[in-house]
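These protein sequence lines map, in sequence, to chains A and B. Position 30, counted from 1, in the first sequence is what the numbering used here calls 30; the numbers after and before it change by one each time, with no gaps. Position 126, counted from 1, in the second sequence is what the numbering used here calls 126; the numbers after and before it change by one each time, with no gaps.
Hints should not be assumed to be uniformly reliable.
[Said to hold, decoys possible] Covered stretches of chain A, going by a simulated chain B footprint (3 or more residues, C-beta under 8 Å):
| no. | stretch |
| --- | --- |
| 1 | 125-137 |
| 2 | 164-170 |
[Stated by the list, open to error] Below, in silico cross-link-like pairs of lysine-lysine (DSBU-like), each with a Cα-Cα straight-line distance of 35 Å or less:
| no. | chain 1 | residue 1 | chain 2 | residue 2 |
| --- | --- | --- | --- | --- |
| 3 | A | LYS125 | B | LYS42 |
| 4 | B | LYS21 | A | LYS145 |
| 5 | A | LYS63 | A | LYS79 |
[What the hints assert, rightly or not] Here chain B is said to cover these stretches of chain A; the calculated rule only asks that three of the stretch's residues, wherever they fall, bring their Cβ under 8 Å from a Cβ of chain B:
| no. | stretch |
| --- | --- |
| 6 | 34-40 |
| 7 | 114-121 |
Since the hints were derived computationally from the structure, they do not count as laboratory data. Backbone N, C-alpha and C define an ideal beta-carbon position, used for all residues, glycine too.
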Amino acid sequence: MFSSGSPPGEKELRELYEATASLLVRIAWRIAGTEEAAEDIVHEAFIRLIEKKIPFPSLDDAKFWLIRVVKNGALNHAKRKGREVRAYEKWWQGERVASDPADRDLLRSETEGEMRAFLERLPEKLRSVIVLKEYGEMSYREIGKVLGISEGNVKVRAFRAREALLEMMEGKKDVS
Amino acid sequence: MCPDMELLSAWADDEVPSPWKERISSHLEGCRSCADKVAGIKRLSLRLRASGKFDEAAVVAKVASRLGIDKSGESPASTETAAARLPRAEITRRQGNFALPIPFAAVAAAALLAVGILSGRMLALPGSSGSGASPLASATEANSAQALPASLNAGNTMSGNPTMDSLVRYLETQNAPISITIQLPPNGSFAGGGAPMIVKTPPAEAVSLPLSTQGLGFVMTGAGK
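Please construct the entire structure, taking both the sequences and the accompanying hints into account.
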């Protein structure tokens, strides 16, 4: 389908969509955090693919390109949201300075998505690998192709991400 | 000697080639410490995958719909290519993300800009009154010479040569959205030539609309009413 080296037509686009959409949506959602954001990010990725008319030599090449675009889009979204959340938190903490300590415990207990929070604290290069591994169920070779790094590097980053997450889960230390 | 954590992590991902893969498997049967580490990695995987649920199929279907892709695999009625369908896909972008309400002040600025450019061109025409003076000077004089009644209502027509000050004052008094049509004189003679020029720089205190004119361009300084 993609061997002609021409941009994907309608049939190829459908084939590509069926092969990648679930994976892309899952990755976008895991990083960006909301269904709306995931929808927009995946949609934008396909629009860019159509607009750019890139002649992909194979379905896999198109798939890796899409994963890379979605991953970057989702990380950017998460960064923006992170800044917003930090701004809200700063304001919230300021508002609550004189409040009862019990309120702070309540606030802490209200925090949802603990694992998501841990993931967000990982450096991007580690987060990308662990998200593609755990949620994309991709091999080290595939992850390496998406991120443009060697399989050995993927192996090291997967390990370091897990090590950091396990430490966070045990409450040992933060990772920056 | 025990394999390090990095190797165990790769083993858990089934990324260790033979014969090392089998050797690690054998080692794990007899080493409680390494078996615990691998169990910890697998628990982490389970926790990550179990955390948070969302309707993946629904999102996939929504994106397919926005792209105009028939997920069922049936051929769409149209035979146009995906690239040719791009404008339709673009149109279906979520409004909340892309629709930008145009503030009233922006509409007013666009209208004033058009008036300014047109009057600048008209005044620069050879043979028009004040042709010996610079367009900027002539326009400034013309603007300060007239004022519109403040009681103009929607539907009224501003004839003659309304000044920018009077336009701004008039627009300022309108609380509801209004439609502005700028009608050129039917017998006007327009010719291209020279650079468009904004002809009025009102004092800041004279205009309470969040709009300012500076030099050759309008600068929006805030939202509309």
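Here is how each hint holds up against the structure:
1. A stretch counts as covered by a chain when three or more of its residues have a beta carbon under 8 Å from one of that chain; for the stretch 125-137 of chain A and chain B the count is 4, and the coverage holds.
2. Only residues whose C-beta sits within less than 8 Å of a C-beta in chain B count toward coverage, and the stretch 164-170 of chain A has 3 of them, enough to reach three; the restraint holds.
3. The hinted pair formed by LYS125 of chain A and LYS42 of chain B meets the criterion: a straight-line CA distance of about 21 Å does not exceed 35 Å.
4. Annotation: proposed proximity of LYS21 of chain B to LYS145 of chain A holds, straight-line Cα distance about 23 Å (limit 35 Å).
5. A hinted pair counts as satisfied when its Cα atoms are at most 35 Å apart, and LYS63 of chain A with LYS79 of chain A qualifies at roughly 24 Å.
6. Evaluation of the coverage hint for the stretch 34-40 of chain A: fulfilled, as 5 residues show C-beta separations to chain B shorter than 8 Å, against a requirement of three.
7. A count of 4 residues in the stretch 114-121 of chain A with a Cβ less than 8 Å from any Cβ of chain B is obtained; the coverage claim is therefore met, three being the minimum.
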